[in-house]
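Enquirer: Chain by chain, the residues run as shown.
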Amino acid sequence: MSTVPISYYLVLSAILFGLGIVAFVFKRNIITIFMAIELMLNAVNLAFVAFARAHNQLDGLVFVFFVIVVAAAEAAVGLAIVITVYQNRQTLNIERINLLKF
Amino acid sequence: MFILDHLWIILALPLLGAAINGLCGKKFSKTIVNSIGIGSVALAFVSVAEGVREFSQLSADQIPWMKSYFTWITAGQFKVDFALQVDQLTIVMLGVVTFVSLLVHIYSTGYMAHEEGYYRFFSYLNLFVFFMLTLVLAANVVLMFVGWEGVGLCSYLLIGFWFLKQSAISAGKKAFITTRIGDFGFTIGILLLFWTFRSVDFGTIFKQLVSAPPDAAVPTGVLTTICLLLFTGAIGKSAQLPLYVWLPDAMEGPTPVSALIHAATMVTAGVYMVARMNPLFSRAPVALFVVAVVGALTAFFAATIGLVQTDIKKVLAYSTVSQLGYMFLGLGVKAYASGVFHLMTHAFFKGLLFLAAGSVIHAMGGDQEMPHMGGLRSKIPITFWTMFIATFAIAGIPGFAGFFSKDEILDAARSVDIWLWLLGLIGAGLTSFYMFRLIFLTFFGKPRYDEHQVHVHESPRSMTVPLIILAILSTVGGWVAAPHLVGGTDYFEKFLHPVFAIYAPPIAEGPAEAFESPGMTLLHALAGWPVLIALAGLLVAWWFYIKSPQTPKKLADSLRAPYTLVLHKYYVDEIYNAAIVQPLLWISTNVLWHVVDESVIDGTVNGVARLARESGSELREIQSGNARSYATWVVIGAVGVTVLMIGLWGMVR
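Protein chains in written order, with the numbering used here: chain A, 241 to 342; chain B, 97 to 749.
Rather than coming from a laboratory, the hints here were simulated on the basis of the structure. Among the hints, erroneous ones may be present.
Ranges between beta-carbon positions, derived for each pair [as the list claims (entries may be wrong)]:
| no. | chain 1 | residue 1 | chain 2 | residue 2 | range |
| --- | --- | --- | --- | --- | --- |
| 1 | B | Val731 | A | Ala312 | 22 to 28 Å |
| 2 | A | Met275 | B | Arg706 | 19 to 25 Å |
| 3 | A | Thr243 | B | Val735 | 27 to 33 Å |
| 4 | B | Gly721 | A | Leu301 | 36 to 42 Å |
| 5 | A | Ile308 | B | Gly721 | 30 to 36 Å |
| 6 | A | Glu278 | B | Gly721 | 21 to 27 Å |
| 7 | A | Leu301 | B | Arg706 | 52 to 58 Å |
| 8 | B | Ser711 | A | Ile246 | 45 to 51 Å |
Looking from chain A toward chain B, a few residues come up when the C-beta cut is under 10 Å (computed) [claimed, not checked]:
| no. | residue |
| --- | --- |
| 9 | Ile246 |
| 10 | Tyr249 |
| 11 | Ile334 |
| 12 | Ile337 |
| 13 | Lys341 |
| 14 | Phe342 |
Yeah, the Cβ is synthetic: ideal placement off N, Cα and C, and Gly gets one too.
Pulled out of the complex, with its shape left as it was, chain A reads as follows:
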């Protein structure tokens, strides 16, 4: 039974990660930026899983679980912050949330 080569997964992971970075830098809406971060995390997860499979080791899988847990916690906190920001500023445009500076 032929399997999909690991390079396919890695290329997909890199593409997803690149998309995440682009969205992270260029998007204005905080929720979108948030999603970009999730995208990057999952791109990394994909790479971990692919390596774990290729090397027949569990370490990568364990890492993935950790990342998922952290991402969930982050999403909970992050979304709460987003809601508070929206209640206070009536906007989610990151360009206008710029009070914290020198």
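Dock chain B against chain A, hints included.
Expert: Leaving out everything else, chain B in the frame of chain A:
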């Protein structure tokens, strides 16, 4: 052997007294302060007396008696123990220091009775006794140096005891700084000593000197250098030319302090040190000659200044400088025992002179100017008689203590160099003159003070009893050497002989007196030059200040130029001010302050601060508040790190 086994007790007592009075004395009544202050010194004196008794039972090979308590410093080969030693020289010093201190402590209860900071005074005095005993008991140079600096500190504190008086503060600083110049040489001397002998213990050093044949152990040049450096310290501490200037100013302190520290004990530390180091000095004839020359010159020079002083304490101060000169002259001509003998008799009679002068000042209500006194003889008889005896002693009138010691020194000086002897002899005449001048101006003639303003009264018993005791000692203190005059033994010299004879090459036995009968020797001594010139000084003083009081003024008028020169103390203070102090101030102000401090140091510090501030104000622009720019930075950073990692990885491969 209780005290000899526990030598530290002698040190601990005054230290304890100083600590108790210094820390809690403010709350104590005067009685408690007195009993702690006097009690601790009295107990120390008793321990010393017991120590002397035990010492007399030691056999000759147990001397010097050594006690090492703990190791204080170790660094490589350099090892200093907290070690104490007792030999004959130490015994003499211990006795003099504790005894005179005890008397001065008792005297101070009367003299300082109405002063602010009474407890402080006694605390300092006790501390001084502690350091002085450390200096004397130390078995190595470094521990000795601790005592040496400690007495300097106490001297500073006590000169500036009335610290609200500007002149007292300046005098304290002057004393401290001037002696520090000498101590600079002393410390280098100690280092050179260690470098040469690989040890700082007296015993080890002297043993190395004596075991090797002369000139083989250590080059004479090195020894001479060491001795000269050590002597520099003695010059500062014992107020010799050219560093004597601090001692007259030190009279700003309370009179008991002048008596104890600046006459009887501390200033003789230099003499003690040179005597202690005698094996070194004996091997360095050049250094020894320098000691003798400095001593003789100082003896003469200070005596001339003493001639025209009008402040009663200043006369005594210059007299002290002069007498210290005699001690060094004695050491310098290898008559170590005579030098130490003069140290002892001087402690008695000069301590007495200062205490009596304090009594006079007390009676005059604080006035120290002799032209304001006169005719005090009948009003304060005890002070008069005791001071009179002390004057006889210092002038070298036969029978009194000073006669024996000064005679020995001059005798020894004559056999070495006739010019040293001549300087000493003239100095002795001057000494006799200015001391009797002091007596005649103060106690004889008509009162020159306003009798309605000043109520002259004899001092309380706490002050007169020490005077009487010292007066007795000023008389009999020299008698231990008296048999020498009739061709017998000088018991003092015999007692000290082991200290000065063990390491030094044996002194040639002179057959001089062997041909004369005891009677002739006595006659020789009594009618010798020192006695004649002392009597001449007495007569001239009598002529000048009793018989025809106009003479001094006429003489001063006819010798205007030399008189002014001497009156202004040869302008030495002015010369030092112009040659050293002013240039130092100028350099400090214009170079060290305005250039080094303001430009270099401040410039560096301020420059660093400005760099941080300006770069910070530029760099803070990065924190724009725009989250997207942060995101960009993060990405750039991540890319940068990745590239770096890949690059490094590639390099490792």
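Enquirer: 27 to 33 Å was suggested as the range; check whether the CB atoms of threonine 243 of chain A and valine 735 of chain B agree with it.
Expert: 32 Å, holds
Enquirer: Against chain B, is isoleucine 334 of chain A within 10 Å by beta-carbon distance?
Expert: 5 Å, holds
Enquirer: Within 52 to 58 Å or not, the Cβ separation of leucine 301 of chain A and arginine 706 of chain B?
Expert: At 56 Å between Cβs, range holds.
Enquirer: Taking 21 to 27 Å as the hint, is the beta-carbon distance of glutamate 278 of chain A and glycine 721 of chain B inside that range?
Expert: 25 Å, holds
Enquirer: The hint names lysine 341 of chain A as touching chain B; please verify it with the least Cβ-Cβ distance against 10 Å.
Expert: 3 Å, holds
Enquirer: Using the C-beta atoms of valine 731 of chain B and alanine 312 of chain A, is the stated range 22 to 28 Å upheld?
Expert: Holds, since valine 731 of chain B and alanine 312 of chain A (Cβ atoms, about 24 Å apart) stay within the stated range.
Enquirer: Determine whether the Cβ-Cβ distance between methionine 275 of chain A and arginine 706 of chain B falls within the hinted range of 19 to 25 Å.
Expert: For arginine 706 of chain B against methionine 275 of chain A, whose Cβ atoms are near 47 Å apart, the range 19 to 25 Å is violated.
Enquirer: Between isoleucine 308 of chain A and glycine 721 of chain B, does the beta-carbon spacing fit 30 to 36 Å?
Expert: Roughly 32 Å apart at Cβ, these two residues keep to the hinted range, so it holds.
Enquirer: Would you say the C-beta atoms of glycine 721 of chain B and leucine 301 of chain A sit inside 36 to 42 Å of each other?
Expert: 41 Å, holds
Enquirer: Holds or violated: the hint that phenylalanine 342 of chain A contacts chain B, with Cβ atoms closer than 10 Å.
Expert: 4 Å, holds
Enquirer: Does the interface hint hold: is isoleucine 337 of chain A within less than 10 Å of chain B, judged Cβ to Cβ?
Expert: 7 Å, holds
Enquirer: CB of serine 711 of chain B to CB of isoleucine 246 of chain A, is that within 45 to 51 Å?
Expert: Taking Cβ atoms as reference, serine 711 of chain B and isoleucine 246 of chain A lie about 48 Å apart, which means the hint holds.
Violation of the numbered hints given earlier is confined to hints 2, 9, 10; the remaining hints are satisfied by the structure.
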